[in-house]
Each structure stands twice: as structure tokens, then as C-alpha cells.
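**Q** Hey, can you work out the whole structure from these sequences and the hints?
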Amino acid sequence: MTLILNVLAAIGRGVLGACRSVGAIALFALDGVSHLLRPPFYPRLFGRAFLEIGFFSLPVVSLTAIFTGMVLALQSYSGFSRFGAESAVANVVVLSITRELGPVLAGLMVAGRIGAAFAAEIGTMRVTDQIDALTTLSTNPMKYLVAPRLLAGTLAMPLLVVVADILGVMGGWLVGTTKLGFGSTTYLASTLNFMQAEDVISGLVKAAVFGFVITLMGCYHGYNSRGGAQGVGGATTAAVVSSSILILALDYVLTEMFFG
Amino acid sequence: MTDTPKIRLRGLTKRFGAKTVLDGVDLDIAAGHGMVILGGSGSGKSVTIKCILGLITPDAGTIEIDGRDILSMPRREREELNDRIGMLFQNGALFDSLPVWENVCFKLLAQKRITRARARDKAAEVLAQVGLAASVGDLSPSELSGGMQKRVGLARAIAAEPEIIFFDEPTTGLDPIMGAVIDGLIVDCVKTLGATAVSITHDMASARRIGDTAAMLHKGRMVWTGSAAELGQTGNAMVDQFARGEREGPIGMELRK
Numbered sequence: 019m020t021l022i023l024n025v026l027a028a029i030g031r032g033v034l035g036a037c038r039s040v041g042a043i044a045l046f047a048l049d050g051v052s053h054l055l056r057p058p059f060y061p062r063l064f065g066r067a068f069l070e071i072g073f074f075s076l077p078v079v080s081l082t083a084i085f086t087g088m089v090l091a092l093q094s095y096s097g098f099s100r101f102g103a104e105s106a107v108a109n110v111v112v113l114s115i116t117r118e119l120g121p122v123l124a125g126l127m128v129a130g131r132i133g134a135a136f137a138a139e140i141g142t143m144r145v146t147d148q149i150d151a152l153t154t155l156s157t158n159p160m161k162y163l164v165a166p167r168l169l170a171g172t173l174a175m176p177l178l179v180v181v182a183d184i185l186g187v188m189g190g191w192l193v194g195t196t197k198l199g200f201g202s203t204t205y206l207a208s209t210l211n212f213m214q215a216e217d218v219i220s221g222l223v224k225a226a227v228f229g230f231v232i233t234l235m236g237c238y239h240g241y242n243s244r245g246g247a248q249g250v251g252g253a254t255t256a257a258v259v260s261s262s263i264l265i266l267a268l269d270y271v272l273t274e275m276f277f278g
Numbered sequence: 059m060t061d062t063p064k065i066r067l068r069g070l071t072k073r074f075g076a077k078t079v080l081d082g083v084d085l086d087i088a089a090g091h092g093m094v095i096l097g098g099s100g101s102g103k104s105v106t107i108k109c110i111l112g113l114i115t116p117d118a119g120t121i122e123i124d125g126r127d128i129l130s131m132p133r134r135e136r137e138e139l140n141d142r143i144g145m146l147f148q149n150g151a152l153f154d155s156l157p158v159w160e161n162v163c164f165k166l167l168a169q170k171r172i173t174r175a176r177a178r179d180k181a182a183e184v185l186a187q188v189g190l191a192a193s194v195g196d197l198s199p200s201e202l203s204g205g206m207q208k209r210v211g212l213a214r215a216i217a218a219e220p221e222i223i224f225f226d227e228p229t230t231g232l233d234p235i236m237g238a239v240i241d242g243l244i245v246d247c248v249k250t251l252g253a254t255a256v257s258i259t260h261d262m263a264s265a266r267r268i269g270d271t272a273a274m275l276h277k278g279r280m281v282w283t284g285s286a287a288e289l290g291q292t293g294n295a296m297v298d299q300f301a302r303g304e305r306e307g308p309i310g311m312e313l314r315k
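Chain order of the listed sequences is V and U. For the numbering used here, add 18 to where a residue sits in the first sequence, where the first one is 1. For the numbering used here, add 58 to where a residue sits in the second sequence, where the first one is 1.
No wet-lab data here; the hints were simulated from the structure. Here a beta-carbon is modelled for each residue, glycine too, at the ideal position from N, C-alpha and C. Where hints are given, some of them may not hold.
To spell it out: a stretch of chain V is covered by chain U in this simulated footprint if at least three of its residues, at any positions, have a beta carbon under 8 Å from a beta carbon of chain U; those stretches are [to be verified]:
| hint | segment |
| --- | --- |
| 1 | 155-163 |
| 2 | 231-239 |
Chain V is faced by these chain U residues, among others (derived, beta-carbon under 7 Å) [said to hold, decoys possible]:
| hint | residue |
| --- | --- |
| 3 | L113 |
| 4 | F153 |
| 5 | F164 |
**A** Right under this line is the structure:
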């Protein structure tokens with residue numbers, strides 16, 4: 019009997035803890051967003067975060083997209099050739115990249131880069147009293163540290179995904195034309211004919227949501243980190259893991275909303 | 059000087075979980091005075107200061123500044139009040155993403171009392187007050203030594219000419235000469251500004267140099283208040299033990315033998 023009760027108690031504690039975290043993150047997000055609507059604004063900090071997310075993530079995201087497009091072409095060719103449907107390779111590549119792989123893989127790469135960097139930077143500021151110092155210097159830390167980053171993440175991710183979409187398709191084209199024997203114009207024509215605005219737009223909306231989630235997790239875990247180097251390390255891990263899982267989970271939810 | 063103290067604490071209480079850190083702290087700090095709060099590690103000195111700064115919300119008690127209760131104040135008024143308070147953090151807490159000059163003029167820039175173009179010159183002026191060359195302004199805080207970081211932290215705290223300045227262990231981690239230099243700068247700056255200075259420290263030499271009045275915090279309560287010059291011969295066994303750094307006395311360290 020006590021064993022059952024203990025198990026139930028453990029489950030209950032877990033659920034309560036999870037609810038508390040979700041509530042805390044939601045309030046944190048609301049607070050951060052509300053500061054975007056009230057002055058003073060920090061365009062300089064927004065610009066710096068935007069550059070960090072949008073520009074300096076380009077190499078990682080580009081390489082990911084190119085290789086994904088290449089593999090996709092190769093794999094779908096070898097699969098579809100069993101049904102004599104090789105001509106569908108270009109369509110499969112563009113559909114998978116724009117709808118799914120562009121936003122999700124770019125999101126995961128940015129989560130590793132930016133989520134970790136933000137959590138470590140803000141976490142270090144927390145444990146070295148810099149966040150308290152902001153308050154004593156007439157500056158709201160949520161407005162100064164969190165709001166510009168949230169906005170930058172939400173706006174920069176879609177731009178990154180546009181690049182990822184283009185390079186992913188080009189990766190497929192590269193393999194298709196050099197290895198699989200497609201004609202260059204035929205491949206591109208069938209890509210463009212098959213692609214619909216809805217595919218691209220749904221991917222960009224996903225990207226914006228992922229950008230918000232990544233920066234939110236980075237800021238939240240950094241802001242609430244405690245206890246020196248170990249605390250900052252824990253915050254960094256938590257930021258990357260939670261944003262990666264949220265990206266995959268939200269990807270399903272958003273796909274269901276768009277195409278379900 | 060009026061009779062209303064600049065800062066008045068009454069029954070200030072704060073618990074973290076089961077641990078009571080502040081257990082009804084009462085304290086009056088006169089305007090333009092130098093107050094030193096003494097106490098061992100974990101006696102609640104930092105928490106007291108953080109409560110006054112609004113970084114921690116106390117569970118019970120009142121905090122009055124200029125006779126007005128700051129805990130029941132609307133947020134905007136509270137922020138305006140905070141604009142008149144400066145703080146030197148124990149390890150400086152300089153923003154390492156910004157150059158020294160931007161650190162020094164951070165509050166002035168945040169309050170839009172100065173343009174960015176003017177800020178460099180202003181920073182050079184304030185740095186000169188703490189004995190640093192204008193060229194330090196272009197360095198990053200990570201390029202500075204501990205003593206220089208403390209001095210830049212002091213410059214940042216006084217740049218906006220606050221009415222109240224808090225110093226959290228200003229000499230901890232510095233060599234004795236640099237400690238004396240910092241104390242001298244603190245006394246000069248506070249005198250120039252006519253500010254009320256509240257310092258927490260466990261460095262007795264420093265306490266005598268920067269304090270007019272001293273108060274001792276032990277286990278979350280104020281156990282003694284008196285003149286800083288008398289430290290070591292106050293007649294209060296607890297304060298004297300602390301001031302002389304003796305192992306035997308009413309304050310027992312909870313060590314496992």
C-alpha cells in the first residue's frame with residue numbers, strides 16, 4: 019500500500035513541478051514580450067542579437083541545409099527507383115525541405131548555438147551580480163537582456179530558413195544533376211512548378227515560432243541560473259535540451275494546424 | 059539635518075525556505091552619515107542591503123527612505139527613488155560586454171541625462187575622481203586588475219551622483235594598501251557628493267576608516283549600534299570579539315570537532 023502511495027506521490031510531485039515550470043516560463047515570456055511594447059527600447063542590443071543569430075549562424079545552417087538536400091535526393095532516388103518514380107525526386111526534396119527539414123534542422127542548429135550562448139551569457143551575468151547591477155543602474159533587466167533577444171530570434175530565424183530552403187534545394191539539384199542524371203533546367207522547373215506558397219509560408223511560420231522558443235529558453239534558463247559555474251553549465255544544458263525537444267514537439271503541433 | 063533618518067528599517071524579516079535570514083532588523087541611518095554594518099558571513103548583511111535596493115522583497119517589516127515607506131510605493135515611484143541610489147558590488151559586477159567608459163556612464167545613459175557623444179568625456183572625469191587615467195575608459199573590464207575593477211565599480215556607482223550609496227565589502231580581496239586607497243576614495247567621494255553611505259564589511263580597519271556609525275548584525279538581528287571609532291573597545295562582548303577576531307567569546311562558530 020505504501021509502495022503504491024509512494025509511487026503516486028512521486029508522480030504527483032513530478033506533475034506539480036512540471037506545471038510550476040510551465041507557469042514560470044509562460045509568465046517570463048509574457049513579461050519579456052510586454053517590454054517590447056513599452057519604451058525605452060534598445061535597438062543597439064536588438065541589432066547585436068539579430069546579427070549573432072541571423073548572420074553568424076549562416077555557415078552552420080547553410081552546411082546543414084546543403085548536405086540534407088543532397089542526402090534527400092540520393093535517398094529518395096534509390097527508394098523511388100523501385101517504383102519507377104524517379105521523376106518525383108525534385109518534388110520530394112523541395113517539399114521536405116521547405117515544410118519540415120529547413121525549419122527543424124535550422125532550429126536545432128540554432129538551438130545549439132544561440133540557446134547555449136544566451137543561457138551562458140545571461141547565466142554568468144546572474145551569478146556575477148551583473149543582473150542586480152542593471153536594476154541598481156535604472157535599467158530593467160528583462161527589458162535590457164530578454165526583450166531584444168526574443169524579438170531578434172523571432173525575426174532572424176525565418177530569414178535563416180529562407181537561406182536554408184534555397185541551399186537545401188540546391189543541394190538536391192547538385193546531386194540530381196551530377197550523379198542521378200537529371201537535366202539542370204528540368205530539375206529546377208519541376209521544383210518550381212511543384213512548390214506552393216503554402217509550403218514555404220508554413221515553414222517560415224514554424225521558423226519564427228522556433229526562433230522565439232530558442233531565445234526564450236536560453237534567456238529563461240540563464241536568467242534563473244543559480245550557484246556559480248556549475249549552475250551556468252546546468253542552465254546551458256537545460257536551454258539546449260528543452261528548446262530542442264520543444265522544437266520537435268511544436269513542429270508536430272504546427273504541422274497538424276497547417277495540414278492536419 | 060532633519061530628524062527623519064535617511065533610511066529607517068523596522069522589523070525587517072526575510073526567510074528563505076526554513077531558514078530565517080533576517081529576524082526583525084531595526085536600523086536608523088542619518089542623512090549624510092557613513093554607516094557600517096558588521097557581521098559574520100551569512101549574518102544577513104547582503105540580504106538587508108538587497109531588501110533596501112528592491113532586489114529582494116522582505117516577508118515582513120517596513121523600509122522607509124526620507125520617511126516614505128518604499129515597500130507600499132507604486133512601482134514607478136520606486137524606480138524614481140532607485141535612480142537616486144548607487145551600489146558598489148563586492149566583485150564589481152562590471153558589464154564585461156561593454157567598455158569601461160560605457161560601464162561608468164551606464165546610469166546616465168539609461169536615464170538619458172547624457173548623450174553617447176558626451177559620455178566618453180564624462181567617464182574620463184569620473185575616472186579621474188577615482189584616480190584612473192582617461193585611457194582606461196577604452197579598455198574592457200576583463201583587462202583590469204582587481205583593484206582597478208573596484209575603482210571602476212566605484213566610479214560607476216558615483217557617476218550619477220546618488221544620494222545614497224551602498225558598498226558591499228569594498229575592500230575584500232584587495233591587498234591592504236589598495237584597500238586603504240579604496241577606503242580613501244570612498245570617503246572623498248561620499249564627502250564630495252554629501253551622500254549617505256552604507257557599507258557592509260568584516261574588515262575592521264576599513265570599518266573605522268569609512269564609518270561614522272557602526273551596527274552589528276548577528277543571526278538576523280541588530281545586536282549593537284554605536285560609534286565606529288570605538289570598535290574593539292565597545293564593552294559589548296559580541297562586537298569586541300568580532301572586532302578583535304578572537305576565537306573565544308559569545309559568538310561560537312558552529313564547527314564540527
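**Q** Now, for every hint given, state plainly whether the structure supports it.
**A** Each hint tested on the structure:
1. For the segment 155-163 of chain V, the stated coverage by chain U holds: 3 residues have a C-beta nearer than 8 Å to a C-beta of that chain, and at least 3 were required.
2. Coverage of the segment 231-239 of chain V by chain U is violated in this model, with 0 residues showing a Cβ closer than 8 Å to a Cβ of that chain against a need of three.
3. Taken as an interface hint, L113(U) checks out: its beta carbon lies about 5 Å from the nearest beta carbon of chain V, inside 7 Å.
4. Against a cut-off of 7 Å between C-beta atoms, the interface hint on F153(U) holds, since the closest Cβ of chain V lies about 6 Å away.
5. Hint on F164(U) holds. Least Cβ distance to chain V is approximately 5 Å, under the 7 Å limit.
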